[in-house]
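Asker: When you get a sec, could you build the whole thing from the sequences and use the hints?
Chains as they are written, first to last, in the numbering used here: chain A, 1 to 315; chain B, 1 to 315.
Everything labelled a hint here was simulated from the structure, so no lab data went into it. For glycine and all other residues, C-beta sits at the position ideal for the given N, C-alpha and C. One or more hints might be untrue.
With a Cα cut of at most 30 Å, we get these calculated DSSO-like pairs of lysine-lysine [said to hold, decoys possible]:
no., chain 1, residue 1, chain 2, residue 2
1, B, K100, A, K100
2, B, K141, A, K100
3, B, K84, A, K276
4, B, K104, A, K100
5, A, K54, B, K84
6, B, K100, A, K141
7, A, K18, B, K54
8, B, K84, B, K104
Derived coverage of chain A by chain B (criterion: at least 3 residues anywhere in the stretch with Cβ under 8 Å from a Cβ of chain B; other residues may be distant) [claimed, not checked]:
no., region
9, 4-16
10, 35-42
11, 74-82
12, 236-245
2 protein chains.
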Amino acid sequence: MKFSLTILGSSSAAPTSKRFPTAHLLNVNERFFLVDCGEGTQIQLRRFKLSFAKINRIFISHIHGDHVFGLFGLLSSFQLLGRKNTLHIHGPGELQEILKFYQKYFGSEQSYRIQFHALGYTRKMLIHEDERVEVFSFPLKHRVPTCGFLFCEKPSERNLKKEAIDAFKPGIEAMQKIKKGEDFVLNDGRIIPNSELTLPQWKPRSYAYCSDTSFCPELSEILQNIDLLYHEATFSKEDEDLASQTAHSSSVQAAKIALACNAGKLLIGHFSSRYKSSDLLVNEARELFVNTIAVNDGDEYVVERIRLTENGQTD
Amino acid sequence: MKFSLTILGSSSAAPTSKRFPTAHLLNVNERFFLVDCGEGTQIQLRRFKLSFAKINRIFISHIHGDHVFGLFGLLSSFQLLGRKNTLHIHGPGELQEILKFYQKYFGSEQSYRIQFHALGYTRKMLIHEDERVEVFSFPLKHRVPTCGFLFCEKPSERNLKKEAIDAFKPGIEAMQKIKKGEDFVLNDGRIIPNSELTLPQWKPRSYAYCSDTSFCPELSEILQNIDLLYHEATFSKEDEDLASQTAHSSSVQAAKIALACNAGKLLIGHFSSRYKSSDLLVNEARELFVNTIAVNDGDEYVVERIRLTENGQTD
Numbered sequence: 001m002k003f004s005l006t007i008l009g010s011s012s013a014a015p016t017s018k019r020f021p022t023a024h025l026l027n028v029n030e031r032f033f034l035v036d037c038g039e040g041t042q043i044q045l046r047r048f049k050l051s052f053a054k055i056n057r058i059f060i061s062h063i064h065g066d067h068v069f070g071l072f073g074l075l076s077s078f079q080l081l082g083r084k085n086t087l088h089i090h091g092p093g094e095l096q097e098i099l100k101f102y103q104k105y106f107g108s109e110q111s112y113r114i115q116f117h118a119l120g121y122t123r124k125m126l127i128h129e130d131e132r133v134e135v136f137s138f139p140l141k142h143r144v145p146t147c148g149f150l151f152c153e154k155p156s157e158r159n160l161k162k163e164a165i166d167a168f169k170p171g172i173e174a175m176q177k178i179k180k181g182e183d184f185v186l187n188d189g190r191i192i193p194n195s196e197l198t199l200p201q202w203k204p205r206s207y208a209y210c211s212d213t214s215f216c217p218e219l220s221e222i223l224q225n226i227d228l229l230y231h232e233a234t235f236s237k238e239d240e241d242l243a244s245q246t247a248h249s250s251s252v253q254a255a256k257i258a259l260a261c262n263a264g265k266l267l268i269g270h271f272s273s274r275y276k277s278s279d280l281l282v283n284e285a286r287e288l289f290v291n292t293i294a295v296n297d298g299d300e301y302v303v304e305r306i307r308l309t310e311n312g313q314t315d
Numbered sequence: 001m002k003f004s005l006t007i008l009g010s011s012s013a014a015p016t017s018k019r020f021p022t023a024h025l026l027n028v029n030e031r032f033f034l035v036d037c038g039e040g041t042q043i044q045l046r047r048f049k050l051s052f053a054k055i056n057r058i059f060i061s062h063i064h065g066d067h068v069f070g071l072f073g074l075l076s077s078f079q080l081l082g083r084k085n086t087l088h089i090h091g092p093g094e095l096q097e098i099l100k101f102y103q104k105y106f107g108s109e110q111s112y113r114i115q116f117h118a119l120g121y122t123r124k125m126l127i128h129e130d131e132r133v134e135v136f137s138f139p140l141k142h143r144v145p146t147c148g149f150l151f152c153e154k155p156s157e158r159n160l161k162k163e164a165i166d167a168f169k170p171g172i173e174a175m176q177k178i179k180k181g182e183d184f185v186l187n188d189g190r191i192i193p194n195s196e197l198t199l200p201q202w203k204p205r206s207y208a209y210c211s212d213t214s215f216c217p218e219l220s221e222i223l224q225n226i227d228l229l230y231h232e233a234t235f236s237k238e239d240e241d242l243a244s245q246t247a248h249s250s251s252v253q254a255a256k257i258a259l260a261c262n263a264g265k266l267l268i269g270h271f272s273s274r275y276k277s278s279d280l281l282v283n284e285a286r287e288l289f290v291n292t293i294a295v296n297d298g299d300e301y302v303v304e305r306i307r308l309t310e311n312g313q314t315d
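Answerer: Structure, rendered in structure tokens:
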């Protein structure tokens with residue numbers, strides 16, 4: 001039941017010798033979601049020994065080169081690897097034209113289907129769900145239409161206590177009811193209270209990705225109590241004018257969002273190559289929001305499972 | 001007066017954790033020619049501390065993703081770096097459509113002009129020259145129209161001997177004649193023979209790039225006495241059937257070409273990711289052509305200057 005984020009690229013528009021352009025891989029219980037796809041994403045996947053085959057869904061925040069130029073190489077490698085599964089790509093409507101261009105010049109013998117899903121920009125929208133996870137897009141403020149993405153685990157059922165199940169041996173149907181919180185009635189009429197049979201649920205975990213954006217305080221409403229928040233921090237506080245001109249954020253603005261969201265942890269990245277190190281940026285952010293980390297390519301950030309208490313809280 | 005080749009990428013279609021897709025940078029006396037532009041070329045340029053600004057001419061052998069997917073990122077970075085100089089791109093006619101697509105979606109605010117030059121496929125053709133170098137394209141045999149490229153230094157003039165020039169003090173006009181091989185007549189009528197005033201020319205150096213191609217023995221005529229020959233070697237001798245099916249070459253076929261060309265040195269690359277190491281391939285090639293090297297990303301191969309003898313030969 002892993003919930004972890006691996007950074008594939010963390011530079012802003014111009015990559016550096018240490019940072020590739022933006023891409024992240026989110027693992028929600030072995031569902032692998034690729035979030036943005038800067039140049040060299042496929043190279044980073046290989047370098048960090050991550051599986052291509054498990055990526056079935058890609059989310060593209062906006063059509064700027066440093067967030068999409070790795071897509072063509074990745075789609076070609078899927079083809080070389082003999083992919084059969086449909087690949088779902090969520091992105092701005094314009095991306096469909098770009099995919100058609102790719103297919104015309106480079107993907108004529110494609111072994112797999114690409115299913116495109118256009119993003120909307122008016123409000124937070126549910127764009128994908130399965131039995132474990134919901135994915136939402138939400139509008140950001142950049143020079144071109146841009147969305148962030150929110151990944152939320154669905155609430156789980158209560159967990160059966162192995163020793164109690166071994167002792168009382170409920171059938172499959174009864175077990176399903178027990179997991180939903182019901183007590184269990186034995187054949188002799190005795191009632192075994194649910195609390196003897198189960199442990200409370202795990203707290204659903206969440207990750208939000210705020211790609212390129214101006215300072216956007218209204219995000220705090222959408223992302224309240226987020227466990228892991230990635231927010232771009234292209235510039236330092238001193239360069240907030242530049243951030244504003246280019247529709248980006250400073251490290252301090254990212255920290256303000258994390259604080260307002262009551263985030264568990266803030267990851268900052270998308271650093272301008274003008275800063276030789278990320279130290280200045282992360283130190284500025286930590287003055288406001290202590291649990292801030294400046295990401296590096298290849299780093300993995302795990303959100304650990306926490307069991308809720310009987311009243312649905314965390315300790 | 002450098003003549004050197006730096007390997008930016010040496011994998012075949014699927015990059016590996018150690019090899020990026022194909023790209024080379026040729027330095028002919030501080031003219032930098034980029035030859036093919038696989039995904040991540042701009043990242044490798046940065047990693048190996050090579051200048052973007054000096055690249056004014058790009059040569060694309062054919063329109064397969066592993067030879068062109070780095071172009072969009074590189075063109076964008078030129079823009080970010082404020083490039084003003086016209087960028088010349090030589091490639092298959094189809095590439096012009098791809099560049100138009102790039103400009104439509106990603107290059108709308110371009111600070112520099114792109115001048116496109118379409119390749120021909122019927123014969124060896126001069127496609128660029130300046131006072132120091134001539135560049136030729138020549139047809140290869142691949143699944144799509146493909147050219148190799150030949151870079152030849154132009155013959156230089158004889159080199160003045162400093163001590164003789166200091167002694168006899170010829171004027172600028174006289175010096176130009178001396179460099180062309182004329183004797184020098186002093187005011188008193190004495191004739192100083194040219195051999196006392198100059199050293200013979202440097203031997204013009206040459207590099208040829210044989211991108212993806214089937215075994216093509218007729219190349220030996222075009223590339224006779226080439227100093228540095230890069231020839232793809234996607235497969236081992238044992239897999240020559242596969243090479244033939246996919247219109248590629250084996251390491252032994254590359255060596256056969258080098259031998260028939262009387263090449264100075266053979267570089268092999270574009271290795272299929274099926275081979276864990278390049279040892280097998282380079283050993284096979286060396287059985288036929290001893291001076292073979294399996295290239296690695298970041299390696300630089302220098303062709304040293306050799307002075308000709310008075311009869312225009314090398315020692």
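Asker: Could you tell me which of the numbered hints above are not met by this structure, giving the numbers in increasing order?
Answerer: Hint check: 5, 12 fail, others pass.
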